[in-house]
Amino acid sequence: MSQTDNTTETLGFQTEVKQLLHLMIHSLYSNKEIFLRELISNASDACDKLRFEAIDHPELLEGGADLGIRVLFDKAARTITISDNGIGMSRDEAVANLGTIARSGTREFFSRLTGDKQKDAQLIGQFGVGFYSSFIVAARVTVLSRRAGLPADQAIRWESTGDGEFTIAPAVKEGRGTDVVLTLREGEDGFLSSWRLREILRRYSDHISLPIRMQKEEWDAEKSESVLKDEEETVNQASALWTRSKSDITDEQYAEFYKHVAHDFEGPLAWTHNRVEGRTEYTQLLYVPRRAPFDMWDRNKKNGVSLYVRRVFIMDDAEQLLPGYLRFVRGVIDSADLPLNVSREILQESRDVRAIREGSAKRVLGLLEDLAENRKEDYATFWAAFGQVLKEGVGEDAANIERIVRLLRFASTHAGNEQTVSLADYVSRMKDGQDKIYYVTAETFAAANSSPHLEIFRKKGIEVLLLTDRVDEWMLSFVTEFDGKPLVSIAKGGLDLGALADEDEKKRQNDVTEEFKPLVERLKTALGERVHDVRVSFRLVDSPSCVVVDEQDMSQHLQRLLRAAGQEAPASRPILEINPGHALIARVNAAPEAEFDAWASLLLEQAQLAEGAPLDDPAAFVQRVNRLLLGQP
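full-length UniProt numbering numbers the first residue of the sequence shown as 1 and each following residue consecutively.
Source of the hints: derived by calculation from the structure; they are not laboratory data.
Ideal Cβ positions, reconstructed from N, Cα and C, are used throughout, including at glycine.
It is possible that some hints are incorrect.
What the hints assert, rightly or not - Just the calculated beta-carbon pair ranges, DEER-fashion:
| no. | residue 1 | residue 2 | range |
| --- | --- | --- | --- |
| 1 | Gly64 | Gly366 | 39 to 47 angstroms |
| 2 | Arg573 | Val622 | 17 to 25 angstroms |
| 3 | Asp316 | Ala619 | 54 to 62 angstroms |
| 4 | Leu629 | Pro518 | 58 to 66 angstroms |
| 5 | Ala571 | Lys460 | 33 to 41 angstroms |
Throw the hints in and build the complete structure from the sequences for me.
Given below as structure tokens:
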């Protein structure tokens, strides 16, 4: 920090701000006009915050309770000014809000940038551009702001050319609120037009519930040009969009309102707009985004919709109004019943809030069901972004579990890596005589798809679901059956294909089991406490061995997930199954006693590797393989 005079401070932008400014100026050149949308959105938020603070401190509204936004331009000075009479900023708030990006996901955001302007512009939009979009068109930005409740001589003047530093100094401002003055870059004079500014405001900001005023413009016949008058007029509808009739709102207006409430550059995937009447009255305008935000998995990030009470803004991120598994939803809920001084603590206890929460959850699920049924490509987009989050709902929302389960999508041996298979799809393709839904879990699709447990299922053409999301194992503790058919792990317990195995096949299996009893006993003795059991397998076709766990035991995959997360997992020993038709098993059966223990260990360890499990002693495994390859005991 340096001093330019006795009162003016010069400070440096946060490193991330410098990067963002550079990227925006060079990547968003094709959509420069968004700067006005972003500044109007900020001004609207400032007025909403003043309304909220004034509920408990009405003295903050001294000097005028009529809130609004003004847009002015000066061709001679080449400036555009956006003014509001909202909450304003103190010196510390200006430094924090205009000099830093205090949000999670920042580092991940910058790591994803590619240098491709088009792709990066999309990422910047997802991250949110806000105030810094000013520098897309402005060579200099000056902010004059006075915090509500502070005297006129405690205002501040913030100024920057976007080159890495900004100055901040005390100032005098007659009224509360903020003026943002943009001194335009060369070549941007096209924005110094009443018609152009009005057109942008009507397109992007018509939904703003506050009046946006500009100087009235009239045609002067004598001068043959438009002339600005001293009086002002409102250029937007200035009514809360969600209070209007659906028939009066265009898709474009819905999309622009979403960008405002979600601070998203891209339009929404879908939305639902409803007025609910009855014991609890409220209006909901809820959106499903196209992409997941960078902080979707940040446990400290509050997620939720904006809460209004009788059109008065109360709070952002009111997470109590929707269950956690719908935290990706954005939008507005406006209650007619809640008190204006409602707090987050009151929201947790309120019967009205519970009714809103339940009704809104059902409405969002209905929206997703419509997507899944009628807009399958859009639902695939939704699932790719938020599928893992929706899976949490099976354990969080018992009242809607059946609806959520029907919305789940999976990869499978039938569909490949794309998670497009619903449980209803799976059931519709079940083989005659099949009475179970089969699945396997693994850390990656490749590991699941190459699991030796799949071999008999592939041979018989039986579809198996391939589950690779971390949440899947937890989810399966709540989803144990669908449409009367149990979900069965192919890596647990003994293989029972029921009617899919004919009587001759069952008899042959019994004969083979009896034939290989001596080898099974030798393997049990050799492996000792390393295994729970050894048995002949009929699930293998190409692999010599595999490991499974008992029906009631925790899967090997879940055990590894828990340990990786630093949690204790109940110890359970695997069951080794051997393929009696494999040449390697014949080789092991014929091995001399001096080599047998090494062969037994090899069968177990390669089965564990195929399962994705780490070996206790990899070096010993390598040495053992080398000795056996060289024919050494």
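Taking the numbered hints from earlier one at a time, note which ones the structure violates and give those numbers from smallest to largest.
Of the numbered hints given earlier, the structure breaks just one, which is hint 4.
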